[in-house]
Amino acid sequence: MRLALPNPKMAWRVWRRDLRVFSYLWKGALLPTFLDPVVYLLAMGFGLGTYLASVNGIPYKDFIASGLVASAAMWATVFETTYNVHFRMTEYRLYDNMLSTPVEVEDLVAGEMAWACTRAVIYGTAFLLVVLIFGLIDSPWAVLTPAFLVLGSACFAAIGLSFTAIVGKVDYFTYYYTLFVTPMFLFSGIFYPLDRLPDWTHVVAWFTPLYHLVRITRGLILGPDALSVIGNSAWLLVVTSALFIVPVIFMRRRLVA
Amino acid sequence: MSAVEGRALYKAYGDLVAVDHIDFDVPERECFGFLGPNGAGKTTTMKMIYGLAHVDGGELRVLGLDARTQRRAVKSRLGVVPQEANLDWDLTVRENLVQQALYHGVNADGRIDELLELAQLSARTQSKPRELSGGMQKRLLIARALINNPDLIVLDEPTTGLDPQARLAVWDLLEGLKGQGVTLILTTHYMEEAERICDRLVIMDHAKIVESGTPGELLERFGQPNLEGVFIEITGRGLRE
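Just so you know, the sequences run in chain order A and B. The numbering used here puts the first sequence at residues 893 to 1149. The numbering used here puts the second sequence at residues 29 to 269.
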């Protein structure tokens, strides 16, 4: 099997196609995904926050808001790399056309990952502005958040693309959501710290990308906690680089017979 | 030099042999047809030429390049019209061509209007592909395949599912391209189509090439008045489903 690094120029062409389509659809597509974390913030932060004033000395609203920035980016990536990629790949067969031009599978994967990251940054940053408006940002370092959302969502994108390439059927996407994404969302330390939970939960959480992204956004928005930001970024960087080959292999298996 | 050269070309999906050691030469500037019943291996052969199927055995040279190892180079000089209309449904007719030019990295500003005219779609540039008829979609696919000024165009069943008028329009388009010196490879199971536009053809059955020649040679060899007769003579009358 031929394993090659993506050609950035080719990947950009794939990314550009998604941007072209998004420029039509963004008005309809932006709102629901964007409202999701806002609803969580209101229900949990302002609802539960009435009873639970602070967590480890941090006001509960601030605690949860800084974590939800990470999950806003994650959900954007998850939808993009499952349903949207599935439609492009299987229903519209767009990838067949791309691959009959000089674009190769590794370019396609890199381009789609880049687009998923772009979307994550759009949604994550939109929510970050809401957090800002609610006055829940404590550190000027928060301005760096979008750059780190790219890092986290690249990891989610590699996993999502692999899953979509492997299962190939839209009916099985609920397994991904129910068994992986939702548990990760709930046990990543967004809603409560894992400190007082049994040790094994820390170990499990440590292996999920969202846990690290939450530590980063929290470190930037409530911090600054440079050590945590650097350490967790290193985790994401290493894991994402190692994972990149996985969607390439499975996409090639699905698209090139 | 041949535009495409297959030598003992072989491809299997698991136990199923799709293309079984076939040899063929597609001369430049001709229209070359692959005929055969469904499942004979025509589409797989096309996919190996345009890079959507791995070559499992033998040799395949496309435009003088190795189809296995020089895929990017091969694909940049190729135009592909697939069996199913894999257009970008979210983009307009014009944007489908703009985006295709981008995939190829070619500047096609002046060329896009020309291609839209060639495909008789100048009045529909702002339509979405879903709003087009089957014949228009097929013509858009052909226009899209021409965006990079290809030396070779591969068409997989270019007129399947089209009504007679739409089919004639596609034939006119293809004959025009042939006149411009582009090499065409097409698969079809319409004998009339093969007779009208192919200079040379091979008949595939059960993953092998069973006959080859110009339409005239085949008619003479089998003493038949048309290719339909030749085809039935070679592949038999039994249903293959």
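Hints listed in this document are in silico derivations from the structure and should not be mistaken for laboratory results. We treat Cβ as the ideally placed atom computed from N, Cα and C, and that holds for glycine. Be aware that one or more of the hints could be misleading.
Heads up, incomplete: computed chain A residues facing chain B, CB under 10 Å, no partners named [said to hold, decoys possible]:
| no. | residue |
| --- | --- |
| 1 | L897 |
| 2 | N899 |
| 3 | P900 |
| 4 | R909 |
| 5 | E996 |
| 6 | L1147 |
| 7 | V1148 |
The hints, checked one at a time:
| no. | hint | result |
| --- | --- | --- |
| 1 | L897 | 13 Å, violated |
| 2 | N899 | 8 Å, holds |
| 3 | P900 | 12 Å, violated |
| 4 | R909 | 5 Å, holds |
| 5 | E996 | 7 Å, holds |
| 6 | L1147 | 7 Å, holds |
| 7 | V1148 | 6 Å, holds |
When each numbered hint is compared with the structure, violations occur for hints 1, 3.
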